[in-house]
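Engineer: Whenever a hint applies, use it, and build me the whole structure from the sequences.
Residue strings, one per chain:
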Amino acid sequence: MDNKSIIAKLHPLERQVLPILPHTTELAAIAKKGKLKEIEVMRALQWLENKNLLTLETTKKKVVFLDREGQRYQKEGLPEKIFLDVLSDEFKGLNIITKKSKLSRQEVDACIGLLKRKDAIEITKEEQQLQVRITDKGMKLRQERTAEDRFLEQQFPLDIERIEDVKEKLAFEELKKRKGILRIEDIKSVHATLTILGREISMYNLEGEVINRVTTGMLQTGSWKEKTFREYDVEAAVPQKYPGKKHFENEAIEYIKSIWLEMGFKEMTGKYVQSAFWDLDALFTPQDHPAREMQDTFYVEGKAKLPEIWTKVKETHENGANTGSIGWKYSFSKEETEQLLLRTHTTVLSAQRLSQLKKEDLPAKFFAVGKVFRNEALDWKHLFEFYQVEGIVIDPNANLKHLKGYLTQFYKKMGYPKVRMRPAYFPYTEPSLEVDVFHPIRKQWVELGGAGIFRPEVVTPLLGFDCPVLAWGQGMGRIISEYWKITDIRDINNNDLKQIREMKRWLR
Amino acid sequence: MPTITLSKKVVEKLVGKQLPLEELKDRIAMLGTDLEEIEGDNIHVQIFPNRPDLLSEQGFSRALSSFIGVKTGLRKYTVKQSNHKVIVDPSVTGIRPFTACAIVKGLHFDSETLRQLIQLQEKLHVTYGRKRKKAAIGIYPLEKITFPVTYKADLPHKIIFQPLDAEKEMTAAEILEEHTTGKEYGSLLQALPRYPFFIDARGEILSMPPIINSEKTGRVTAETTGVFIECSGFDFDVLSRCLNMIVTALADMNGEIYTVKLEYPEGTKVTPNLTSQKIKLDLSYLNKRLGLHLSEQEAGNLLERMGYGFERGEVSIPSYRADILHQVDLAEDIAIAYGYENFQEEIPNVATIGEEDAFEKFCKKIREILVGLQLLEIKNFHLTTKEDFTTKMNLSEELIPLKNALGDHNYLRNAILPSLLKTLAENQHHEYPHNIFEIGRIFTPSAEEDTGVRERETLGIVLCHEKTDFTEIKQVVTALLHSLGLEFKINEITHPSFIIGRVGAIIIDGEQIGMIGEFHPQVLMNWEVMVPAVGLELDLEKVFGLIK
Chain A
1 MDNKSIIAKL HPLERQVLPI LPHTTELAAI AKKGKLKEIE VMRALQWLEN KNLLTLETTK
61 KKVVFLDREG QRYQKEGLPE KIFLDVLSDE FKGLNIITKK SKLSRQEVDA CIGLLKRKDA
121 IEITKEEQQL QVRITDKGMK LRQERTAEDR FLEQQFPLDI ERIEDVKEKL AFEELKKRKG
181 ILRIEDIKSV HATLTILGRE ISMYNLEGEV INRVTTGMLQ TGSWKEKTFR EYDVEAAVPQ
241 KYPGKKHFEN EAIEYIKSIW LEMGFKEMTG KYVQSAFWDL DALFTPQDHP AREMQDTFYV
301 EGKAKLPEIW TKVKETHENG ANTGSIGWKY SFSKEETEQL LLRTHTTVLS AQRLSQLKKE
361 DLPAKFFAVG KVFRNEALDW KHLFEFYQVE GIVIDPNANL KHLKGYLTQF YKKMGYPKVR
421 MRPAYFPYTE PSLEVDVFHP IRKQWVELGG AGIFRPEVVT PLLGFDCPVL AWGQGMGRII
481 SEYWKITDIR DINNNDLKQI REMKRWLR
Chain B
1001 MPTITLSKKV VEKLVGKQLP LEELKDRIAM LGTDLEEIEG DNIHVQIFPN RPDLLSEQGF
1061 SRALSSFIGV KTGLRKYTVK QSNHKVIVDP SVTGIRPFTA CAIVKGLHFD SETLRQLIQL
1121 QEKLHVTYGR KRKKAAIGIY PLEKITFPVT YKADLPHKII FQPLDAEKEM TAAEILEEHT
1181 TGKEYGSLLQ ALPRYPFFID ARGEILSMPP IINSEKTGRV TAETTGVFIE CSGFDFDVLS
1241 RCLNMIVTAL ADMNGEIYTV KLEYPEGTKV TPNLTSQKIK LDLSYLNKRL GLHLSEQEAG
1301 NLLERMGYGF ERGEVSIPSY RADILHQVDL AEDIAIAYGY ENFQEEIPNV ATIGEEDAFE
1361 KFCKKIREIL VGLQLLEIKN FHLTTKEDFT TKMNLSEELI PLKNALGDHN YLRNAILPSL
1421 LKTLAENQHH EYPHNIFEIG RIFTPSAEED TGVRERETLG IVLCHEKTDF TEIKQVVTAL
1481 LHSLGLEFKI NEITHPSFII GRVGAIIIDG EQIGMIGEFH PQVLMNWEVM VPAVGLELDL
1541 EKVFGLIK
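Protein chains in written order, with the working numbering: chain A, 1 to 508; chain B, 1001 to 1548.
The set of hints was computed from the structure by calculation and includes no laboratory data. One should not assume that every hint holds.
Claimed, not checked - SDA-like mimics (lysine to any residue), calculated; alpha carbons at most 25 Å apart, straight line: (1) A/Lys329 to B/Phe1236; (2) B/Lys1288 to A/Asp361; (3) A/Lys485 to A/Gly244.
To be verified - Computed beta-carbon distance windows for the label pairs: (4) A/Val446 to B/Glu1266: 53 to 59 Å; (5) B/Phe1359 to A/Thr487: 33 to 39 Å; (6) B/Glu1298 to A/Thr487: 47 to 53 Å; (7) B/Arg1202 to A/Asn322: 49 to 55 Å; (8) B/Glu1346 to A/Glu262: 36 to 42 Å; (9) B/Gly1372 to A/Ile160: 46 to 52 Å.
Stated by the list, open to error - These stretches of chain A come out as covered by chain B in the derived footprint (C-beta under 8 Å, 3 or more residues): (10) 89–96; (11) 249–257; (12) 404–414; (13) 453–461.
Note that CB positions come from ideal geometry on N, CA and C, so glycine has one too.
Structural biologist: Shown next as structure tokens:
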């Protein structure tokens, strides 16, 4: 590229900066000289570097800033001076002094310590209260401009290297120790050195009008015809732009829902606060079952109103009622079943749905994707609320092979080609099974959730008659963490906006 | 679920066959227990709560041996009669009313078999015994006991004996207060007027169930060759079955089982009773449920692989099985024996029409509109801390508390905007603008609901950047509601979380469906958010009702 076409591509900022560069090399200095903002200069320098017109060198230096208190003291003076000012050579109570000085309690405490060390004050105690008066030394100190005073009077920010004088250094160390006065930060300093090409270009006259933007005005008047359009560096990087976005977890949920919808399932939804009746008893979980113990379930204050069928459920627990079962053989407690809790599984929705169905509604299929709650402390692999994917098929002809069929179809669409069933135990299904999918990349079986056929003790009281009901409740956390390579499960809900913005989309 | 550790050597000997490691692992998993790992001689395996009979080397091996076809069918156990008696005194009625007892002789304990016995007792206590509440087990060296034994209850200060691991005699009350086991299980007795205990013919106290045995008469050692076993609790059948699990395990250690006569006030019972209950096999029901076409013979063979007896359509249930309530329980065992891996998946030809929940669909639409407005969706928890929703928002409303939360998130949120402010507070190091929304539930008390809690799906939007203002958030709500074909107005209101004169109620057809405003600087300060923010909250269920 010849010099002319290089010049044609120069941005107005570059044009302003280039002529300064042969004499001034430091970023802040360039900005000052060109009356530009530092960020503008930085951008121009980076573009110029891309064009091989200069090289940038970044060095770190320590710079002293005035912190919040420091800024105040710069205006009003250091608190020990203010404190000395309100003292006299007679003892006065600390309360009065503090009030007069308008200093804070902490500042006063600091002043007393500091001035005591310098013998500038004298203290006694009278009637439970400290009494303070100024000494001769203190009188002198009051007049004196100390090294600390002088230090604060400087222009900030201050390059730490410029503190050379021994007294100044001492003052700096002293002030640094005190809270909220000085703040030391690492500042990057940027130097630009022109290349030979850059030096050459900088000699050209870079002024003259070039058009950056086409404006409505130009178009209306036709003035653009006389102007030169600046040529852009079309290869240059541009600032990031973030689209509006659904939460990634919801993207996955929508996909999962779409699979069940395609397979002819209707969606179920319901409340998070449920009775123990619906969450546990309607599912034939005996009232002394270990899973009901406090540590697994969040209980809520209050008492639920029970639906009429509660007595049928009670009877089934106690002696099997008309289900053909002998029941759990214990005495069912109404109080226990009335307890309120946060639903521990979406199976509660399946139980409620069963109680609403009639014979003529069958066969029927339902699904839910919903939050469930477990009383666990939050850590990298435990959440106290998370999603479960629930499904039921109520079909007089349903059997265990169908259950495997539905789940295999679902997981195929989720990207897992093979499904395996293993024996498991849930109080409300028989047979009960654990569902594993074959992980195509890790080449191993991964456990994803439970399934089974509802026991007649569950179905008969709710539906009014026995019918095979295939049921499953699968976790979603594994699938989500897997897809987005999340290793700490808390990251699903930590709402880190950068993470949400940059997360790839659900692409299945 | 309890995990037990079994000795692989012992298991192999009892099973009667050694399997290659991988096959052993696979068979254990497919038998219906959750194998954790096998390391060296130790098999760590989780036993499901429905199979407490698998909690010992003996019970586990018995099941595995049948399952892999070495020794199938119902195991026969000989029970000899003894003349020993246990008198159940009426004083235990209403305290801990039942006991089931047995004697096993001819045992040769060593440290390994003692470990096995203790593990079985402990694990049964935790699971089937529901931490000793439902069933507690006591095992005693037979030679230290003089029959008849009496099971009775008395006032706590009248029961005095030296409990296991104690130096001296203690009263029952002292045991509950000072002894480790007493402190652990004391709550099971504390509220009772009298405490139960076993005492022998010489007046030696054997134990105070469900707490502890006596040091003098209740310690089984390597020298012990015969044991007296009692289970105590509230349901005779439960205790009887619990006893069966123990005596069959001891019989598999080559012990000889003897009966004990229990003289209840209402009559005499004899335990252990190892007679099998019989149940008629409903083959067509089982075949239908499993999708199989088994003949009676095949079903019978499969049942025998699970340790059942089967003869002429009748199934004999082992006396130690506690989980057979219904035909379906046989179905599961048949499925396990058939092999879960052998069920081929099948999609039946059943036509049903899929249907998305209308409200969920509506929420999806809302999301799409908001994404079009370049907002970012976030998702917070429904459980929260009280401070976030009250003091930080300049509010003092009551939240619904959880009774027993383990963490510090122990309230149900009653609004959505605080959740969004929390997100703002946590994201200040990220590039602005922070224009975010959340759709989630909020919870308020309501007498109209069965649960006393009303749950409403709510939309919250917050815009946060240097130049944001009321106009901008009003533009958002206008764009959103107009997209839904709704006209609305905003009535000025006051709200402690917002700047006066910059907050309004969003009204449609005279009903408030939400609110909108600019957050009060004090609220932003409370959250330590150093950038201005505006927000709005919409009751999506009300909005949904309006467009329906």
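Engineer: It remains to establish, for every hint, whether it holds in the given structure.
Structural biologist: Right, here's what the structure says about each hint:
no., hint, in the structure
1, A/Lys329 to B/Phe1236, "11 Å, holds"
2, B/Lys1288 to A/Asp361, "21 Å, holds"
3, A/Lys485 to A/Gly244, "22 Å, holds"
4, A/Val446 to B/Glu1266: 53 to 59 Å, "56 Å, holds"
5, B/Phe1359 to A/Thr487: 33 to 39 Å, "35 Å, holds"
6, B/Glu1298 to A/Thr487: 47 to 53 Å, "48 Å, holds"
7, B/Arg1202 to A/Asn322: 49 to 55 Å, "53 Å, holds"
8, B/Glu1346 to A/Glu262: 36 to 42 Å, "18 Å, violated"
9, B/Gly1372 to A/Ile160: 46 to 52 Å, "51 Å, holds"
10, 89–96, "violated (count 0)"
11, 249–257, "holds (count 4)"
12, 404–414, "holds (count 6)"
13, 453–461, "holds (count 4)"
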